[in-house]
Structure formats: C-alpha cells, structure tokens
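Take the given structure of chain A and dock chain B to it, following the hints.
Protein chains in written order, with our numbering: chain A, -17 to 300; chain B, 673 to 786.
To be clear, the hints were calculated from the coordinates, so they are not data collected in a lab.
Be aware that a few hints might be false.
Ranges of calculated distance between the beta carbons of each label pair, as one might list FRET restraints [unchecked claim]:
#1 A:V254 - B:E735: 12 to 22 Å
#2 A:V33 - B:Y718: 14 to 24 Å
#3 B:E735 - A:E226: 38 to 48 Å
#4 A:N119 - B:R745: 27 to 37 Å
We put the beta carbon where it would ideally sit given N, CA and C, even for glycine.
Next come the chains, spelled out residue by residue.
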Amino acid sequence: MRSLIALLGSVVLTVSSCKTVVVYKDPLEKLSKGTTDTRTAIQTLAGEVNVLTARNQVWDAALKGSRYDEKLLNPLVPPQYIEARVKGLLMIERFAAQMLRVVESDAGALASKQVVDFAKDVGTFAGTINSTSPAKNYAAPLGGLAKVVIDLYDGSRREDILERGIHDGIPAARQVLLVLESDFKPSSPVNLDKMKNEELKSLRVHQIAAYDGILHSEQALTETDKASPARVKARFDALHDIIETQRLIDQASSDQVYQTIISLDESLDALVAASKGGVDEEELKALTNQLTTFSDNAAALLEAVTALKTATSADKSK
Amino acid sequence: MPDRREELLERVTLVINALQNIQADSRTPLDAALAVVEPIRKLTDYRRAMRRIEFQIHAGMAEYQAAVSQLRRISDTLAADLVAHQTHMQHVALAAQAADAVLSVAIAVGAMAI
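The shape of chain B in the complex, shown without the other chains:
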C-alpha cells in the first residue's frame, strides 16, 4: 500500500509539473495559460492532502517513540552514574585534605618545639 500511495503522489506531481511548464511557456496562448491555473490549483490541493496523510502515518511510529524514551532514560542514568563517581572521588579528596590538615598541625607543633 505505501508503494501505491507513493506512486500516486509521483504521478500527480508529474501532471502538475507538465501543466506548470505549459503555463510558464511564453509560446502558450494567454487565454490557455490563464485557463490551466485552475486544474493546477486543484491537483496541488489534492497533493497537499496526500502529503498531510503521509505525515500522520510517519509521525506515529512506535519504534521511534520508544527509542526517544530510551535515550532519555540512558541520559538520566549517565547523569546519576557521574554524580556517584564524582561523590566517590570527592570523598578521596576530602580524606586526603583532612589528613593533610591534621599533619599541618603536627608540623606546626614540631616547629614550635624546635
């Protein structure tokens, strides 16, 4: 069925293009060029209606929606994993900092004793 719709779209476009070429050709009599506008307009309206149907079909793809949701979940997991990792490394930094603070006091006391 998708091939039939696409085939119909292509045929309608071919006809519209042919009529547009007739209208734009300076050799076409003026009255004929004016008369061809209405059929072009109707066919163009019909083609727009077909395109609007195609958009409805393409927008509602279940696999696409699922993939978008999956990406959101993965991004959230990455953010959580990074926070956990950074927290762990902060603990290492804080432990070293705290030990260093104690050592600074010991060095200062030692210097005073000397």
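With the rest of the complex left out, here is chain A:
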C-alpha cells in the first residue's frame, strides 16, 4: 500500500510544478492598468498639443490678415502617429487581459468540486449496501485526493499557458515600450511634453503681441481716454490671457508619460520574476495530507477485502 501511495505521489508531482498561478495576478493587473493610463495620457497630451497648435496657427493667420484656410487646423502630431502608439499599448493591454483570464479561470475548481460531490455520493451509496463496510469511508478520501490531483493538474496546465505567453509576449511588449521610451525621452525630437511647452510659449508670444498692440495703438491717446472703462477692460483681458498662459507653462509637468512608460517596463520585469518563482509549499502540504488520509482509509478497506477473500477460500476448501 505504501509503495502505491509513493508511486501516485511521484506521478502527480511530475505533472505539476506546484506553483500557484495567483502569483501572476498582481503584476498582470499593474501592467493592464499601467497601459490603460499611459494610453490615455498620450492621447490627452497629443490632443492638447494639436489644440494649442491650431490656436497658434489661427493667431498667425489673424496677424497676417489671411483668408480662412482649412490648413489652420493642421495637427502638429499626426493622427496616424497617435494611432500607432496607442495601438501598441492596446496590444500590451490585451495581452495582459488574456493572461489574467487564464489566471482567473475557475473551470478547474468547478471540475474538482464535481468530483468531490461524486465521491461523497459514492460513500453514501456504499453505506446503503453495507452500513459498516470500510468502503463507506473510503470514497470521501478518494474524492479529496482526486480534487487535489485535478487542482494541481489545472494549475500546471494554466501555468504552462502563462509561461508560453510570457516567453513569447514579453519580448514583443518590450520592443513596443522601447520605441515609446525613445519617443518620450527628454531629448527626443518628438517629445510631446516639450512640444506642448513650445506651443504654450508661442501662444504667449501672440498674447503679448496683442497686448503690446493695444499699448501701441493707445500711444496717441490722452490719459483720460486711456482710462476709459472699455480700454481698461481690453487691457485687463489681454494681460489676463498672458498670465493664464504663463500659469500653464509653469504648471506643465515634464516627462510624466516617460515615467509611466518606465513603470510599464518594471511591470514586465515583475511578470518575468513571477514566472521564475519557486514551489508553492501550501499545495505540496495539501497533496501530502490527502495522500495520508487516502492511505489510512484504503488500508482498512484492503484488510476487509483480504479477510473476505480468505473467508471465501476457506468456505470453498470445506
């Protein structure tokens, strides 16, 4: 009996690495949320740059007295570029979401529950045939052991899927992040934070020019005329615009998107680290306990079967 238990245990251990797939959950959730946040941040920042560029282009046209032209709305950050970068992050997000579905799959848990319920009913059935038979107490431990085996198998198969995903997906995700890091690093010629700052400063140039224009046009006026409420209001509005734009320039936080992209890279590192984790001691302990329970109850059953066989042989020999 002991050698059978040892054999069963070694078979189960060889099909399982005994590492719970839950270790992947946290890094995957961080990766998923991080890519969503970065994607939104890039879209927002690119939108802000293009709105500012359009305003400045309109100012330029107004200064020159140009006719209306649709080119006034020409974006500085091309929509195709935004789409390409956002798509890359979306694919990483989708990859993380699929991996999370694997982690959270409860098909194995449902299967093992069905097997346990079946084993309990087997015990009940054996009891209706012979209420004192050891077979009555043998079914439940058998069900418990089957549950552990199915859970370990389920975990092992899901871990295989996750490890294949990590092996194939991480290099591709890193390539996407490498390009994004290159685009958003402080010295990049397509750094959107820098462009936003430049467009804000261009806007300030126009606004200062507008205010200086008012002052220039008022040079020939008397002090009384200059102090008229309408003129004061016009000067106030023009100055107020400059101050508000300067406030935006001062508030602009640089390289925030770049920092979130670096964090994404760290999330990938955490995912790789999770895949290299060690054996789960709790799962091993659960297997050992179930094997022991199974073994203790099976021994009584086998003794009863041996006794029955002996008695039957003795009857035949009479």
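Using the frame of chain A, we list chain B on its own:
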C-alpha cells in the same frame, strides 16, 4: 544624420527662446517687442515643419509594427489555449456530474428497496 537634425532643432529652439525672452522683457522698447514677433513666428513655423518630418520618420518603424502584430498573435493564441483548457476541465466536470446522476438513481432505488 539624426544627430544633425536634432542639433538643428535644438539651435532653432535656443534662438526662439532668446527672441521670446526679449519680447517678454518689460525693458524692451515697445516697437522692438512688436518687431520681434515676425522672426519668432517664422522660426516657429520652421521648427514645426522639422517636427512633422520627425513624426513621419518615427511612425514608420518596421520593428515596432512587427512587435505589435506579434502581440496580437500571442493574445489570440492565449485565448485559444484557455478555451481548450476550459473545455477539457468541463469534460471532467460533466463526466463526474453524469456519474453522480447515475449514482443518485441507484441510491434512490436502494432506498425504495429498503
């Protein structure tokens, strides 16, 4: 060549910044502040044109497109693997459920006989 373009961008930006500082300085005579706007505008237009070229270069990276396609394929494979795994476990669950249903009938028959 990329370094030359980036260097040129930096130089143009330095000049624009210097002119903007002149315009924003309250000590600059009003006429000079108004006159400096046009050169700032032209240089800013030139810088925007350079940036638009940089975007064209950066958007078309072949390795990036390949990585994005690879991620899509891997996600599809993960989804298929999960479905296969779940189907297998469903079969185990259904087999246990079916055996349990048969056993329930046997228990009920046994109870009736008693």
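Comparing the hints with the structure gives:
1. Distance hint check: the CB atoms of V254 of chain A and E735 of chain B are about 21 Å apart, consistent with the given range 12 to 22 Å.
2. Restraint check, V33 of chain A to Y718 of chain B: a C-beta distance of roughly 21 Å satisfies the suggested window 14 to 24 Å.
3. Judged by the Cβ atoms, the range 38 to 48 Å given for E735 of chain B and E226 of chain A holds: they are separated by roughly 42 Å.
4. Roughly 52 Å separates the CB atoms of N119 of chain A and R745 of chain B, a value that falls outside the hinted 27 to 37 Å.
Hint compliance for this structure: hint 4 alone is broken.
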